[in-house]
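Colleague: From first to last, the protein sequence lines are chains A, B, C and D.
Reminder that position 14 of the first sequence reads as 184 in our numbering, one-by-one numbering, no gaps.
Reminder that position 39 of the second sequence reads as 209 in our numbering, one-by-one numbering, no gaps.
Reminder that position 132 of the third sequence reads as 121 in our numbering, one-by-one numbering, no gaps.
Reminder that position 45 of the fourth sequence reads as 34 in our numbering, one-by-one numbering, no gaps.
These aren't lab readings, by the way, just hints derived from the structure by calculation.
One or more of the hints may lead you astray.
What the hints assert, rightly or not - Computed footprint of chain B on chain C; a stretch qualifies when at least three of its residues, placed anywhere within it, have a C-beta under 8 Å from a C-beta of chain B:
1. 24 to 33
2. 89 to 95
3. 102 to 109
4. 118 to 125
What the hints assert, rightly or not - Straight line, CA to CA, 27 Å or less: simulated DSSO-like cross-link-like pairs of lysine-lysine:
5. C:Lys32 - D:Lys(-9)
6. C:Lys(-9) - D:Lys32
7. D:Lys32 - D:Lys113
8. C:Lys113 - C:Lys32
Claimed, not checked - If you only want the chain C side, here are some residues facing chain B, beta carbon under 10 Å, derived:
9. Met(-10)
10. Lys(-9)
11. His69
12. Val83
13. Lys113
14. Leu115
15. Asp129
16. Asp130
Since the model is a prediction, treat every value here as computed from it, not as a measurement.
Positions of the beta carbon are idealized from the N, C-alpha and C atoms, including for glycine.
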Amino acid sequence: MMVQVRFFAALRERAGRDAIQIDLPEGVSTVAQLVDWLAETDVALAQALEATPRRMVAINEVLGNEDSVVEAGDVVALFPPVTGG
Amino acid sequence: MMVQVRFFAALRERAGRDAIQIDLPEGVSTVAQLVDWLAETDVALAQALEATPRRMVAINEVLGNEDSVVEAGDVVALFPPVTGG
Amino acid sequence: MKTHIEVREGGLSASEPDLWLRDQGRSGAVVMFSGQVRDEQGKVEALHLEHYPGMTESVLGTIVEQACSRWHLNGAWVAHRVGTIQAGEDIVQVAVSSAHRQAAFEACAFIMDLLKTRAPFWKKELIDGCWIWVEARESDDQAAASWLQDATGRAPR
Amino acid sequence: MKTHIEVREGGLSASEPDLWLRDQGRSGAVVMFSGQVRDEQGKVEALHLEHYPGMTESVLGTIVEQACSRWHLNGAWVAHRVGTIQAGEDIVQVAVSSAHRQAAFEACAFIMDLLKTRAPFWKKELIDGCWIWVEARESDDQAAASWLQDATGRAPR
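Looking at chain A on its own, in the form it has when it is part of the complex:
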């Protein structure tokens, strides 16, 4: 299934990309599984994720967590802990 993954802040800079479109294989259905799959299939992303061990996630612009379910067409955003205000 197709999903969009977006990166922000330090993770965006480390990934060298704002966003990617990916076709997830069967069996990848949670945020944790998505992150593992990204790290397995893309060395640059693996390094960016490893360099950003504290992360937050939003699915379709709503905060989620590692166990949140990812569905076709979702926009999954990965980013470091927020630091506004």
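Using the hints provided, position chains B, C and D relative to the given structure of chain A.
Modeller: Showing chains B, C and D alone in chain A's frame:
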């Protein structure tokens, strides 16, 4: 001993006076005794004090209480609970 | 630490304490409280504020000093109006600056709670053409006492 | 109840929320928080703020809704800057109006605490000519969690 007694707000209006100079007899040495003495010696003040049963007191511009000691030359202010802000 | 304590007849505006507290990056947080004349569903046309000149400034100064001894503040501004004030206008402003927001929130609330119960101001309301003295509120006493409980559980004067 | 939620590149001034919240005597209390860029003893020259357009406004809206469900508010204003901001300038303003001051203080602190931990903003600091990402602070997580403990003692998402 001579002291000045000042009145504020509703108590001032009820007393019909801003301030009085009084010569306290011996034995009147606390705020409570001063208030009792005022009520005994001045009918108008007795009525004003009775109509203002919740009161605060300041001696020389510092908040005190019924047991505070009054000394010659003091300025004793009597007023209803404050309502600023 | 700078402090500004003022009793005035004229109007208050939020930009005054905001500008006065600015310190080129020393503070990270400013909390400002503005107290305004409520009309109580159109019932109250105006307020009249009386105070005890001299004592007012001295009490406000003491309250601000107490706040400074409890929290790390860079600045504190207290301005209170007296005289006649229309519904919707500001009666009082308390604004404090600090490195961090929690100190600023707490110190600002503390100053207001103590001001409400200790500073010698009295207000009357204009209702149906008559001036009526406002009664002190029990809840204000409780708010002030909650900051001031000493080890014995007694609220000190 | 009126709300204003805004992300902007330009500067903030205290008079804007002050004027916008005025309601001719309905509210008795306005509490305003301004967050400013600290220079950390001259170390930090500027900040750069990045955000997630769309999600930011939606998260801020949700936080304000939560505040409205907990306290009786008449108005809430949240404005946050993005882009480059110099030391001493305002980053964020949160201002709320209510009949009484306790609700206004609490709601304003609540909105700030949640904004700090949930709204998708990220800042980097310009130090010695280099931009360095700011790390999130543990104390901010704790401040937000303290509002959100449910009956089971778990902080809900």
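Colleague: Checking each numbered hint in turn, tell me which of them this model violates, lowest number first.
Modeller: 1, 2, 9, 10, 14
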